[in-house]
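There are 2 protein chains.
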Amino acid sequence: MVDTQAAATSTDSAVVANPGGPQARPSMVWDAWGSPAGHKPLSEQIRGLLTQVFGVSGEPVARRDEGDVPLPASALTAEHRAGLAALVGAERVSTDHRDRLLRSGGKSTPDLLRRRSEGPQDAPDAVVFPGDHAQVAALLEYCSAAGIAVVPFGGGTSVVGGLDPARGGFDTVIALDLNRLDALTEVDPISGTATLGAGLSGPQAEELLARQGLSIGHFPQSFEYATIGGFAATRSSGQASAGYGRFDDMIQRLTIATPAGTLELGRAPASAAGPDLRELFSGSEGTLGIITAVTLRVHPVPEATGYQAWSFPDFATGATALRTVIQAGAAPTVMRLSDEAETGLNLARAGDIGGAAVGGCLAVTTFEGTAAHVAARSAEATALLTAAGGTALGETPAREWEHGRFAAPYLRDSLLDVGVLCETLETATTWANLANLKAKVTAALTDSLTAQGTPALVMCHISHTYPTGASLYFTIVGKQAEDPIAQWAIAKRAAGDAIVAAGGTITHHHAVGADHRPWMTDEIGDLGVRVLRAVKQAVDPAGILNPGKLIP
Amino acid sequence: MVDTQAAATSTDSAVVANPGGPQARPSMVWDAWGSPAGHKPLSEQIRGLLTQVFGVSGEPVARRDEGDVPLPASALTAEHRAGLAALVGAERVSTDHRDRLLRSGGKSTPDLLRRRSEGPQDAPDAVVFPGDHAQVAALLEYCSAAGIAVVPFGGGTSVVGGLDPARGGFDTVIALDLNRLDALTEVDPISGTATLGAGLSGPQAEELLARQGLSIGHFPQSFEYATIGGFAATRSSGQASAGYGRFDDMIQRLTIATPAGTLELGRAPASAAGPDLRELFSGSEGTLGIITAVTLRVHPVPEATGYQAWSFPDFATGATALRTVIQAGAAPTVMRLSDEAETGLNLARAGDIGGAAVGGCLAVTTFEGTAAHVAARSAEATALLTAAGGTALGETPAREWEHGRFAAPYLRDSLLDVGVLCETLETATTWANLANLKAKVTAALTDSLTAQGTPALVMCHISHTYPTGASLYFTIVGKQAEDPIAQWAIAKRAAGDAIVAAGGTITHHHAVGADHRPWMTDEIGDLGVRVLRAVKQAVDPAGILNPGKLIP
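Residue numbers (my numbering), protein chains in the order written: chain A, 1 to 552; chain B, 1 to 552.
Any given hint might turn out to be false.
[As the list claims (entries may be wrong)] Quick list of simulated restraints, FRET-style, between CB atoms: (1) A/H403 <-> B/T386: 36 to 46 angstroms; (2) B/T185 <-> A/G169: 26 to 36 angstroms; (3) A/A371 <-> B/A316: 21 to 31 angstroms; (4) A/G169 <-> B/G147: 34 to 44 angstroms; (5) B/Q452 <-> A/D522: 54 to 64 angstroms; (6) B/E91 <-> A/N436: 38 to 48 angstroms.
[Stated by the list, open to error] Cut-off 25 angstroms, straight-line C-alpha distance, at most; resulting in silico cross-link-like pairs (SDA-like, lysine to any residue): (7) A/K536 <-> B/E91; (8) A/K440 <-> B/R253; (9) A/K536 <-> B/A542; (10) B/K536 <-> A/A260; (11) A/K536 <-> B/D522.
To be clear, the hints were calculated from the coordinates, so they are not data collected in a lab. Positions of the beta carbon are idealized from the N, C-alpha and C atoms, including for glycine.
With the rest of the complex left out, here is chain A (with noise of 0.2 angstroms):
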């Protein structure tokens, strides 16, 4: 079912077309996560467990190959095939089965359990791959003119559903696929910033800076896939935030095109030159305009990085033994600590889960810089863990969890394959309030899972650091119940009225998507909301921009 005309407007031959850019990206397969070389099976190890535990066969079912996925008809008409080809190009114009099945959402647990399901998957009416600012630009105008919605789409890796391919009332909906925007356009040494394309995925834009010396430092467990322009459109926050800042913190300049024209924000590292707009843009997910360039900090590749690993006898002490040092400035790059429930199962060690059971809660550290920087560093966090109750595990549980920190949603894919329901959320709050919204989250995810009689195990950890509080990150493993899409909504559900009552935030770095809307108006109330519906007006008066996501 490849039209060749559409294939070659697909990302791959687009780097191709494109030989100072960066290394072609792989594909990620349709129905999970990543390229089939990524491919986790379960160890026998995990089988054995979740035969144990939930009495699962622990045998994968068949899953559907792509060309048999029936979807909707496009509703693309003629007129607006031909409008949007003046723009750019008929062969950047795609109703290609595969270009629409591969852009038909994200990647969360209920996107992947639907596409393995039987039936008809929902997709954009037609992909859409502009190579420029200025082509994005009259893509909006033609599209708000139009009246096609709108959905902009990086590396697809949205767990929110903030790719859904909604329609939002109107009779189209195009994706906006932002990968020809893949250049490294200036870089300062001097000043330490450097300009990169919204649709440069995490390793490319590594990959070009590397050229010259430099690195973001910005590695979400998306990493692999997740572009710039994504990062910056859901305040992505990476594993080394403690070292070098959420996503948000690292941008200096949008460039942002918006059916009603282009904004160009951020004209210095700090302003006080009214409201900060580059932060209503960064975290808008495609609902106030499309990020086409951001201007980062950067900073030389690391001379040295030094690692060790500590075990704490439970979760507080490893808590308070994170905040001491966060809040002495003693400025780790990683720091991160698993609850009791993690580390018992390995989870934090991808070469182990499920092995032997390791008692405590393991901390990892890493520190980035000159080998004087590191070594300072280090020794300042290393006192004072000690001093909280930490035991010295040595380097290698450190560079074990560096191995392997982009395999989880791999092994999640897995574990969906043998009807093991597997799913992540997250949340932050001050520290005094970390117990507390710990307690209430597991216990809101045990509860409502237990009562569906499917009782799943609950595990924790803090992976992103500030003087003020933290974040929690739980991963969910049970067995899937005969509906596993409505039991998760279920589950979901409980988990996030949790969070809200416990007075944690709605999301830390997985943004609002679809899946999270319901309490938006919880997190910044009514007035908030029509504060966002204002500017919304303002940007996108026809409302074509990712309609459903985001705002209330």
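On the provided structure of chain A, position chain B as indicated by the hints.
This is chain B only, laid out in the frame that chain A set:
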């Protein structure tokens, strides 16, 4: 002319009525900076210099008694007075001459020159003193319905016309004085956060927190008078910003009253729940709402402070050295560098201004934390600054700078008194563009003042550093022309145009107010301005909030 009943509504008495609150703050003089106790008469040294360089006599001109200043009659109608009194009590609605005069604007040099000139002064028609958030919210609702313009008033320290009692087309304008909102309502020592009333001045906030062993660490030059609400509303940046961040970095939560309702923003230390709306109200300068309480990141009062001053052969060498330190993450608390002109006049050393000229460029660093933390950071910075061409000068000049760091505005008054023009302005840019921006702004100021027949000294320092760039703070001293307000307006216009042309931000920490508003479109573009207007329409549909400021 002081009305006894109205006097009971003044800031000082309100503070006295709150025995658990902070000590009363001194009032500022109506036509100068600060209280009379802070007056800094000119030294013989400075007088000599002024005579020699500018040919001014050094003899102060007479100033008017505040009771003698004609103000326009209050336009507040009896109906509106009753309406306001119903919300806050009759004794909290003042049309007293002194209350109005003290809230007639801010403390820019043109403000002070205007007050020193003959003729009537503009002033708000009344001053209203709400006691809590609910009263502020009720006042805004009332004023919105009644068509009364509202200028929020905290410390009165604006140097950009942010407090001008502009009517914006309404018949009446009131100053909404926030100084009764002076409570420390919540302290969370575990998370390191504190919730402070918007009306607390810098010293009052530090006093209340010091009782708990805590500190904010925000020390702008306006520290002695400016308020928590004002810091937030103007994106203030303190001298210790390298260590503790800008004020906007410290904000965890904002409570904001608007004519359309109340906003509570900030549920966690960090979040991906859409745009960060705190960043829309930080820097909103009273045009989008009135900030009534701020939850801030705070830290323990530091155990130790290390001081070190440095000399660099020239500004470029010094700037590179500072860049090296901040990019390495060596984490100074304060780090600043005076250029050759400022160093030559000893302007960073309050006790010796105008003394024997010093060559090169003076830099000051401080480090705070535990003794071990200070020692480690200081050692790293010392190595970097030495390698970059710095010569250590010991502690004394750094301590002298700290001792005199709030004195400059008092000195300005003494200069204005003797016919000398003295004003400051500031910007920021990337490290790579710093020398270019400094040269362009210096040339614009020098040329425009020389062309008016009043050549001036233009001095500059870096006071805020970031990994990607730094601020530039200019001090201009020259002889006043016959019409010094017009003289400065020409120079200011030239400097602002030069900043925009050279790629700087129109203000790094003084904010926009009325004075920088002509360049807001250059800063954020037409569409950015339309976004701000859309937000204003949502929260302030009648347009009563601080007319004529920020939004073009």
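Taking the hints in turn, this is what the structure says about them:
For the pair A/H403 and B/T386, the beta carbons lie near 39 angstroms from each other, so the given range of 36 to 46 angstroms is met. In this structure the supplied range 26 to 36 angstroms is violated for B/T185 paired with A/G169, their Cβ-Cβ distance being about 45 angstroms. Checking the proposed 21 to 31 angstroms range against A/A371 and B/A316 shows it holds: the Cβ atoms sit about 29 angstroms from each other. Against the hinted window of 34 to 44 angstroms, the Cβ-Cβ separation of A/G169 and B/G147 comes to about 38 angstroms, which satisfies the hint.
Distance hint check: the CB atoms of B/Q452 and A/D522 are about 58 angstroms apart, consistent with the given range 54 to 64 angstroms. Checked against the given bound of 38 to 48 angstroms, the beta carbons of B/E91 and A/N436, roughly 44 angstroms apart, stay inside it. Distance hint between A/K536 and B/E91 is unfulfilled; the C-alpha atoms sit about 43 angstroms from each other, more than 25 angstroms. Straight-line distance between C-alpha atoms of A/K440 and B/R253 comes to about 23 angstroms, which keeps the hinted pair within the 25 angstroms bound.
Between the alpha carbons of A/K536 and B/A542 the distance comes to roughly 20 angstroms, so the proposed pair stays at or under 25 angstroms and holds. Restraint check for B/K536 and A/A260: satisfied, since their Cα atoms lie roughly 18 angstroms apart, inside the 25 angstroms limit. Only pairs whose Cα atoms come within 25 angstroms are accepted, and A/K536 paired with B/D522 is accepted, the gap being roughly 22 angstroms.
Checked against the numbered hints given earlier, this structure breaks hints 2 and 7; the rest are met.
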